[in-house]
Amino acid sequence: MHRQLARTPRLQPLGCALGMILCASPVHAQGTSPGKRAVQESAPQLATVKVTAALDQVRNQLSPSTGSSLYVFTPQALKALPLGRSTPLNEVLLQAPGVVRDSFGQLHIRGNMANIQYRINGVILPESIAGFGQTLDTRIIKSVGLLDGALPAQYGLRTAGVISIDTRSGAQLGNGGSVGVTTGSNGHIAPFLDVHGHSGRWSWFFSGNYLRDNLGISAPTAARHTPHDRTWQSNGFGDLSYLINDHARISLLAGVSNNRFQIPPNPGQPALYQLAGVSSYPSADINENQNELTRFAVLSLQGKLGNTDYQISAGQRYSQVNYLPDPIGDLMYLGVAATVMRSNRADTLQADFATPLGLRNTLRYGFFGDFQRGVQDNTARVFAADAAGNQTGDVPFTLLDNHVLLARTTSVYVQDQWNASDWLTLNGGLRYDRISGFLDESQLSPRLGLVYQLDNQWTLHAGYARYFSPPAPGLITSTDLAEFAGTTNQQPGNSNTDVRAMRENYYDAGVQWAPDANLTLGLDAYYSQSRDTLDVGQFGTALIFADFNYGYGRNHGVEFTASWRHGPLHAYLNAALDLARAKVIASGQYNFSPAEVSYIADHWILLDHAPRLTGSGGLDYRLATGTTAGFDFMYSSGLRAGFADTLTMPGWFQLDLSVGQRFDPPDLGTLHARLALVNALDRVIELRNGTGLGVGLAPQYAQRRGVYLTLRKNF
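The opening position of the sequence shown corresponds to residue 367 in the numbering used here, with each subsequent residue numbered one higher.
One should not assume that every hint holds.
[To be verified] Below 35 Å or equal to it, Euclidean Cα-Cα: the simulated DSBU-like pairs (lysine-lysine) are:
(1) 670 - 416
(2) 1079 - 445
(3) 416 - 445
(4) 1079 - 416
No wet-lab data here; the hints were simulated from the structure.
Fair warning: this is a prediction, and the values are worked out from it, not measured in the lab.
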């Protein structure tokens, strides 16, 4: 079965792709045509480029998507976004169907709370402890795909969606780099630099950036300017690769992000507790801060041995979050001032293989294992209180609540892709996952997917997957309920069941129609039933998230995608309808009021992170002069709020505009400029109002109108 994927528009709704065939044309050095570059480069350098491209293709064959849904952002799509490659990765993904925007930069896919897996060049990157900042910078990305639906057996543990990233390569880009800066509203300034190239059998790509902004996280008010909301963020990434021979290479990927955030106060709040020696302390003066650190490194051996494609990777990821309270304000307004530190180290080993069996079958198999060690340090200053939680003393005292959590994960899979005919492809497999340490659970999971090409225009796909999704070790919270009894930090309830792995039956089917090379339409429907449904909430004073379970979950929805291309004009449109429900709070019950626990035990509730309707779309136009202009938009019918999530937040619409131009000033070479207007209509977008299950106490608003200018020079 052959499809002209490279001719589809800039955002591709690939409802049923046969393999990870990303539609990225080769990227050449700035200012040099492909033919001229070939003359200038030596034969060994050309050999490096060709062998690297061949090995990239080999690596892609390890990752099938038969029966699931794949949505790809090409290099051209990333450049065409209003902020271009300055767009944070989470905001890039918001332009895919079924992806939901939440406060603090969180993403949800198809009615799931988090449960997202990130892969870099086919290697699983264990999730960091939840925070505000981004670990990966869009500038390192060549193309990125969102794979969801009924996933093949190769994909597990995090099953709401797989974010598959192919990084930019020095072998393909050539020797050079770029330097630039993005500046604009709210004191935003973000310089960046990348360097890439190849020499002999070596190739490299290095990138670094820094960000300072006066709007760091979701503001608690609709004001244009929020006090005490600054952020300082730095990211670095490196990819160093060596060709052992024409059939194998070894690569080292490494990255680091170091982010600091001020947490904006919610002004005008009444003080709820009395502190000895302090008569007045306005809530607008509260000074809370959070620091986040993530670093990772992965060493991979990848290539072809006989007829078998393989990639073997060993890596480590370390993540740490520190919440620093206001020692006076937190006591007076929250009744507890807790210095919270969480860290998690994950050591991983992953191997994937693909072996053809005859002309029509490909056997894929592999394993993944990791060992995680999490540390939780909680130093809390509290007041004495009676059984009802009423303060009985105004002199605080200190309690320690520290824990160490260990977790081991082992996964193996085998699957066979059978090209039954030129029109029909089947992919069946089994996957076994086991997690031990803080919980001991396992599951054998069957998977089946098919793609049927009716003709050159119509393609059908369908799949079934049995999922096993354990809670993220970095989000497990261990709390000694007895220790905080009789204090102003005692929990709403006194019962607690340990969090468990979610088990799910997932069904997916869809159709894609491509009447010509310029138009593609897709429709996809899904349905799932789950036990011990995982969710995440913000409990306590620190803005750090924790897992909990519902006893039962149901989720179904429909997604529509369209893309169109006509000469220099590219356009796309996505819409998604989702209904995600759950019943019975099955773990972490102490975090919720007894009234909510009782209500949810007898009622199916709508999940707070799943709006009923979402949409996205955009258009960009490229003039012959090199000028580009376009827009993107997002729509949501609103998240849930109120007692047991029985209310709905207002719906919202955001429009972003952009224009770009290439300049050739004397003696400076080529400069690229891009001007973006974010939230051009200056809509007030209230994502959360401070109510709902595990939502936290303060409202959260999206950014008001902002203007940003990016200047970039290639060298």
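Hint check results:
no., hint, verdict
1, 670 - 416, "15 Å, holds"
2, 1079 - 445, "15 Å, holds"
3, 416 - 445, "25 Å, holds"
4, 1079 - 416, "27 Å, holds"
In terms of the numbered hints stated before, the structure departs from none.
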